[in-house]
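Asks: What follows is each chain in one-letter form.
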Amino acid sequence: MAFTQSKMFREWPSQVLQKSGTNFLGMGTDVLNVALYNNSGTPDKDAAVGSTGYNTGAWAVANEVTDATNWVAGGRALSGKTFSTAVSGACTFDATDLAGGGTLSLSNVYGCLIYDNAITGGTVAKQGISFHYFGGPQTVSAGTFTVVWNASGIFTMAV
Amino acid sequence: MSARPHIFDQLRRLWVCPNCTHTWAGTATAAPFHVCAGLRGLTAPLVVAGTDCEVVTHEREDYVNKERLTVDGDGRPVMSVETRHADGSNDIAVYAPLVQVVGEVG
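Protein sequence lines correspond, in order, to chains A and B.
Take the first sequence: its letters are residues 1 to 159, numbered as in our numbering.
Take the second sequence: its letters are residues 1001 to 1106, numbered as in our numbering.
Think of the hints as simulated: they come from the structure by calculation, not from any bench.
Please read all numbers here as calculations on a predicted model, not as lab measurements.
30 Å max Cα-Cα, derived DSS-like pairs, lysine-lysine: (1) Lys7/A to Lys45/A; (2) Lys1066/B to Lys7/A; (3) Lys19/A to Lys81/A; (4) Lys1066/B to Lys81/A; (5) Lys1066/B to Lys126/A; (6) Lys126/A to Lys45/A; (7) Lys126/A to Lys81/A; (8) Lys45/A to Lys1066/B; (9) Lys7/A to Lys19/A; (10) Lys7/A to Lys81/A.
Estimated spans, in silico, between C-beta atoms of each pair: (11) Ser84/A to Val1064/B: 24 to 30 Å; (12) Gly1038/B to Val159/A: 38 to 44 Å; (13) Thr1029/B to Ser14/A: 37 to 43 Å; (14) Glu1061/B to Ala158/A: 26 to 32 Å; (15) Trp1024/B to Gly50/A: 43 to 49 Å; (16) Lys19/A to Gly1041/B: 38 to 44 Å.
Just a sample of chain A residues kept apart from chain B, beta carbon distances all over 10 Å, derived: (17) Ser20; (18) Phe24; (19) Thr82; (20) Asn117.
Glycine included, every Cβ here is placed at the ideal spot set by N, Cα and C.
Can you build the whole structure from these sequences, using the hints too?
Replies: The structure is reproduced here in structure tokens:
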């Protein structure tokens, strides 16, 4: 199995509503990381919370794609986070497009995991928020790797 | 004692697009992006003027299903834009889909 789609973990809204005992302080305060993955794991939006964190389940470091310097294990932190309710019936989360810190070489990057790097308690540390499928294998050789978020944001929730 | 240029002045460069007439002069640690008329409205990187390269797009290889993707001006789903350099190296910018939390329970 493999990446086939882009989804939020169903356990994430549950975490946001509860937060007790996890050290979660809100997505605006917590450091959110983006880690890159190959196609070995099977991302599952309905996974048990214990399998949604960084280095758990499909998100094991064995499946992570890294560079020794510019996209290290654990990924890179999001910046420029915004939360918008400008569209009727929707709440949208967005951030600045994410570029590697410099020249790197990566192969077979199929998607990414966005996780809360500040969560240290509860059932799982570094709990996953969402995963995004890049549509096929992406390879860069001695160049830069940039994730351009959708023009409509990283995720949007309809209410 | 002669005045020395500030380091940021030394790094100021002209950036151009191989696919349209867009240009930008300034300092940047990474390639600036722009909305490219030559790539049917996609957000694409600029390159340093004089760079021997081409900037091309890649259509999504997998089925779209209900994914909210980046599409070009012709409605084609695009998964990435690649800068191919003459020395064989390349840069990739991937278009991450929007995650939509919608639907009804039950």
